[in-house]
Each structure stands twice: as C-alpha cells, then as structure tokens.
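In the order they appear, the protein sequences are chains A and B.
Residue numbering for the first sequence follows the working numbering, starting at 1 and increasing by one per position.
Residue numbering for the second sequence follows the working numbering, starting at 321 and increasing by one per position.
For the record, the hints were derived by calculation from the structure and aren't laboratory data.
All values derive from a computational prediction rather than experimental measurement.
Note that beta-carbon positions come from the ideal geometry of N, C-alpha and C, so glycine has one too.
Treat the hints with care, as some may be off.
Facing chain A, a subset of chain B residues (Cβ under 10 Å, in silico) [stated by the list, open to error]:
no., residue
1, Ser357
2, Pro359
3, Pro395
4, Ala480
5, Ala498
6, His586
7, Gly613
Protein chains: 2
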Amino acid sequence: MPELRKDPVVGRWVIISTERGRRPSDFNGSAPTLSSSKPCPFDVGNEDKTPPEVLAYREAGTLPNTPGWTVRVVPNKFPALQIEGGLDRRGEGLYDKMNGIGAHEVIIETTDHTKELSELPTEQIENVLWAFRDRVVDLKNDNRFRYILIFKNHGENAGASLEHSHTQLVATPIIPKAVTEELDGALQHYRLKERCVFCDMNEHFVSFEPFAPRFPFETWILPRSHISAFEDSQKSEFKSLAHALQESLQRINKALNRPHYNFIVHSAPCRDTRLDHYHWHIEIMPKLTKVAGFEWGTGFYINPTSPEEAAQYLREIQLG
Amino acid sequence: MPELRKDPVVGRWVIISTERGRRPSDFNGSAPTLSSSKPCPFDVGNEDKTPPEVLAYREAGTLPNTPGWTVRVVPNKFPALQIEGGLDRRGEGLYDKMNGIGAHEVIIETTDHTKELSELPTEQIENVLWAFRDRVVDLKNDNRFRYILIFKNHGENAGASLEHSHTQLVATPIIPKAVTEELDGALQHYRLKERCVFCDMNEHFVSFEPFAPRFPFETWILPRSHISAFEDSQKSEFKSLAHALQESLQRINKALNRPHYNFIVHSAPCRDTRLDHYHWHIEIMPKLTKVAGFEWGTGFYINPTSPEEAAQYLREIQLG
C-alpha cells in the first residue's frame with residue numbers, strides 16, 4: 001500500500017510508493033563526467049576567463065586573479081540578476097514588477113577539475129563552507145538584499161553547465177516563496193508547541209533521511225544546536241559540518257553510483273537571523289527521479305523509496 | 321536589465337533574464353522519438369498488455385479490450401496511488417500520514433503510435449478532451465477523492481516513459497498544495513475586486529503567454545466564459561478548446577522544433593466546482609530550461625524569454 005506523508009514544516013504531502021522501483025541498483029544512470037578535455041574557466045591558469053574574483057583563499061604573496069588559490073569566488077559570467085541599480089518596485093494594473101537586482105556568484109571549490117566535492121580533503125570542504133559564510137556576511141551589508149541562497153548543481157541532470165566542482169550563491173531582493181513557506185510552517189509549530197520544529201525532528205545527530213522526502217535518498221543535515229542563520233554557526237561547527245557533508249555525499253555516491261545531485265542551504269532571511277522557530281540546514285537531493293506534470297500540477301512528489309529503507313542502505317555502506 | 325515579475329494569482333516571482341539565451345533557435349534539443357520499434361502496450365492489438373480499460377470510445381459491436389477503439393482509458397500499470405481501501409488518516413507525534421488511496425489512469429489518445437497530439441484530426445483531439453471529462457465526472461462520484469489532476473508528459477525530458485501519445489489522470493484524497501495556493505490567491509483577488517483574477521487577465525481570447533511565465537514559451541489556454549471546473553464546460557466549448565490546444569501545440573512545435581513538453585489542466589476541486597473566483601485553464605510548459613538548485617531553493621524561476629517576445633515568435637509562425 002502506498003503511503004501519503006506530510007512534511008511537518010511546509011505541509012507538503014509526498015507519496016511513498018513502494019510499488020515502484022526502490023533499491024539503489026534500480027536507479028541506473030551515468031555518473032557526471034569530471035574529465036572533459038574542454039578548456040575550463042575554473043581551472044588554474046584560466047583566472048582571466050571569469051569575472052574578477054570577489055574572494056579567494058590563496059597563498060601569501062600571490063596576486064588576485066592569478067594561480068595560488070585554493071577556494072575562489074567569482075561573479076557568475078551569465079548572472080540571473082544584476083548587481084548594479086535600484087529596485088524600482090512598480091505596479092501596472094494587475095501586475096507587479098521590479099528590476100532584477102541581486103548578486104549571482106560562483107564558489108569554485110577546488111583547483112582539481114577531476115574531483116567531486118566529497119573527494120576533497122575534509123579541511124578543504126571546511127574552507128568551502130567558510131567561503132559560503134564569508135560571502136553571506138559580506139552581502140548582508142547590502143540593504144537591497146533580503147535573502148541569500150546557496151545551492152549546488154552537480155552533474156548535467158542536476159542542472160550544472162560546467163563540470164568543475166562549484167557551488168552557486170544568489171542574493172535576492174525579496175524573500176522567496178519557498179523560504180516564506182518554510183518560515184511560516186516553522187512559526188506555526190512554534191506558536192503551538194513553543195519549540196523549534198527542526199529541533200523536534202532532530203533525533204538523529206546531524207545527518208538523516210526526513211520523514212516525508214520528495215526524492216529517493218533525500219538527506220538533510222541539521223546542526224544539533226539551534227541556530228537560524230548558516231553564517232552564525234561557529235568556526236568549530238564548520239569542522240563537524242564538513243565531516244557530515246563529506247560522509248553523507250560519500251555514502252550517497254557509493255550507494256547510487258555517483259549520482260547527479262543538488263544541495264541547498266536553507267537559512268534565515270538577511271534581516272531575521274535570530275529566530276526561535278527556525279533552524280538552518282542543508283538538503284541534499286540526488287537526481288534519481290524526474291519531476292514532471294504530476295509534480296507541477298500538485299506540488300506533491302512521488303518517492304519510490306521510503307526514507308527508512310534509504311537510511312538503512314546508506315548506513316550499511318562501507319566507507320574507505 | 322533583468323526583470324522580476326509576480327504572478328497575480330499565486331504570488332510566485334519569476335526572473336525574466338534577457339541577458340541569457342532567448343530566441344527559439346537558442347533552445348536546441350532533440351525532438352521526442354515517436355517511432356521506436358519496441359513493443360508498445362498502447363498499440364492496437366496489445367490491449368491485453370494494459371490493465372482492463374475503464375473507458376473506450378469504440379466502433380459499435382467491438383468488445384472491451386480488443387481493437388476497434390479510438391480513445392482508450394486504462395488504469396496505470398504502475399499506479400502512484402492505489403484504488404482499493406480506506407484513507408485511515410493518522411498521526412504519529414510530529415508526523416501525519418494516510419494510506420496512498422487514489423486513482424491513476426492513462427488516456428491513450430490515438431491508435432497511431434507515430435503521431436503527437438497536435439497532429440491528430442481536431443475531432444480526435446475533441447474526443448480526447450471529452451474522455452478527460454467523462455473520467456472526471458465518473459471519479460467525482462467517489463467520495464474519497466478531493467482533487468482530480470489531468471496532465472501530459474510528452475517526451476523523455478518531460479518525464480514520459482512511453483512515447484505513444486497519452487495523458488494521465490490522478491485522483492487524490494487531499495487537495496494538493498499547488499492547487500490550494502492557486503485557489504487562495506484567486507480568492508484574495510476576488511475579495512478585493514469582486515472579480516475573477518483569470519477573467520481579469522483574459523484580454524486575449526483563449527490562448528496567451530502569461531505575465532510571469534516560469535518557462536520560455538509557457539502558454540495558457542483559458543476559456544472565455546467563467547467556468548471553475550473543466551468538466552462543467554459544454555460540448556460546444558470542447559470543440560473550440562480542441563482547436564485552441566491544437567493550434568497552440570502546432571505553433572510551439574514549429575517554433576521550437578517539436579520540444580518535449582508538459583501540460584496540466586488546472587481545475588476546481590471535486591467538492592467546490594462553482595466558484596466565482598476560480599477559472600479552469602490549461603498550462604502548457606515546453607521543456608527548454610532545467611529546474612535545478614535555484615528553483616528548488618526559492619520557488620522562483622529564471623526565464624530567459626519574455627512572454628511578449630515569445631508571443632511574437634508564436635504569432636509569426638506560419639501554420640499549414
């Protein structure tokens with residue numbers, strides 16, 4: 001019997017459909033290539049092929065936009081939003097619009113074109129996370145921005161257009177609908193229980209399969225201590241986060257033959273960073289199923305693998 | 321300058337990003353194949369390869385589940401929801417669940433394996449639309465169902481697993497989140513203006529590009545008269561709907577080299593079919609861009625083609 005389950009935060013129902021394919025080996029797909037011989041603007045020596053860097057962790061004495069970096073952040077060459085200008089909110093009859101102002105940056109995670117994030121040394125993953133934080137802290141100084149989204153598209157099926165391992169950051173002038181829904185759902189729970197709904201679901205430390213996952217092997221990473229904004233976590237917490245992210249990705253890679261995946265950092269809006277009811281976290285979504293008409297029409301998801309089974313498969317993976 | 325636009329119904333913001341690719345020819349992709357020699361369960365003569373039909377328009381004197389049909393509706397062989405059983409709503413601490421009860425059917429639109437929907441005779445398209453209606457009317461008799469979704473996945477990139485032209489129908493025991501959002505948004509507009517928001521945007525007859533489209537060449541088809549539920553339209557209206565759907569798909573096919581696409585029938589829930597504030601319609605979404613981390617994280621969409629430009633391209637297409 002398939003089961004309908006409701007996410008306790010946003011109220012999104014999912015269908016856990018055990019009649020459909022469900023074991024890791026049922027999700028066949030080719031791993032993203034990381035070996036193309038095409039010239040890559042993120043490779044060392046090609047620093048002039050990207051817009052000038054806004055941040056880089058680099059060897060002492062090396063110049064900006066030259067080799068010597070370990071993590072490098074540059075504006076997206078084809079930004080979805082433009083950094084210069086005012087918002088100019090306006091209405092025309094039924095319709096509201098504003099200028100597409102925002103920041104769109106790329107965090108280049110490594111100099112090594114052939115490595116996926118989880119294959120980097122843990123310290124390097126920690127540096128990448130720290131670069132996320134540094135950029136958020138800087139961009140929050142810009143009063144035009146209300147939300148800063150950090151997300152990773154890994155592999156073509158997950159929407160990546162360049163294979164060199166990278167994460168993206170977009171600062172938006174309004175709080176996105178998906179974020180508002182999450183905040184509203186969390187606030188509703190807090191008003192009822194006077195407890196953070198994420199703290200309530202955090203039986204397992206740091207990394208777990210959520211109750212109502214949209215996708216097979218969807219995995220959330222939740223800091224144990226209650227912090228609303230990603231950038232407010234302490235340096236020491238980034239170390240254990242790097243470990244947790246690396247291990248989760250390694251298990252997913254091994255169980256599912258290196259799938260294409262997305263992850264998204266869910267964090268508080270720029271101006272509301274100390275919320276009793278909200279808890280920042282990362283959601284990892286391997287691309288194993290297709291989002292199509294049903295999902296578009298309903299906002300429902302059909303998931304052929306229960307989170308209990310997925311958790312068991314991932315636990316049983318032998319690492320290293 | 322990119323532009324942010326807000327959908328006047330659901331309040332979803334989109335980014336019209338003219339800095340990115342935007343002409344029809346910039347969306348390169350291969351058309352779905354309609355010629356595979358693999359055995360197809362929807363072909364004439366293979367009626368025993370599907371579950372027994374629940375509806376068929378067929379020649380007088382022919383038997384169910386044999387050749388002689390023109391449109392045939394069968395249960396999905398791998399249903400997302402199961403037809404037998406009770407809902408058994410229950411809670412476990414933080415978590416709500418219920419049995420995955422519902423109907424999942426397939427409308428086989430033609431006996432001709434090689435034709436895409438818009439290539440069928442208009443009368444056949446009308447029959448397909450009428451089959452949608454007949455199934456909705458029948459399933460609404462089942463008190464367990466609250467919503468009936470009709471959607472089409474055409475082409476592998478749009479989530480189709482069989483190439484033979486078909487549409488799907490799913491009856492769900494709750495009103496999906498995406499539907500509730502649309503209803504709530506429409507109600508808010510009605511309370512303010514005492515007018516249906518869809519009637520307000522219906523300057524153009526029947527087929528148009530919406531103000532804030534999520535995807536390039538997203539096209540909506542809206543009946544001119546105010547009707548909330550698809551199945552309440554009159555027989556005569558199905559004739560002009562068949563024309564409008566055919567012409568829209570033909571223009572999209574010609575402009576974009578036969579793209580993979582989804583369409584979704586947006587209609588009122590089972591128990592609220594006479595709403596002053598809601599207006600049924602069809603949304604056609606060619607699959608030209610990828611939904612990835614940014615869209616997952618925000619609920620925003622980045623659309624590289626403005627609807628004004630898309631409308632112009634589609635208008636200029638010479639048909640037949």
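Q. Would the stated hint for Gly613 (chain B) survive a check requiring a Cβ distance to chain A of less than 10 Å?
A. At 3 Å from the nearest chain A Cβ, Gly613 (chain B) passes the 10 Å test, so the hint holds.
Q. Measuring from the C-beta of His586 (chain B) to each C-beta in chain A, is the shortest one below 10 Å?
A. 7 Å, holds
Q.
Does Pro359 (chain B) hold up as a contact with chain A if the rule is Cβ-Cβ below 10 Å?
A. Given a least distance of 20 Å, the restraint on Pro359 (chain B) is violated.
Q | Agreement of hint Ala498 (chain B) with chain A interface, Cβ distance less than 10 Å | A | 4 Å, holds
Q.
Pro395 (chain B) was flagged as interface toward chain A. Is the shortest Cβ-Cβ separation under 10 Å?
A. 12 Å, violated
Q) Was the hint right that Ala480 (chain B) lines chain A, CB cutoff 10 Å? A) 8 Å, holds
Q.
Does Ser357 (chain B) hold up as a contact with chain A if the rule is Cβ-Cβ below 10 Å?
A. Violated, about 22 Å.
Figure legend: structure checked against the earlier numbered hints; hints not met, in rising order: 1, 2, 3.
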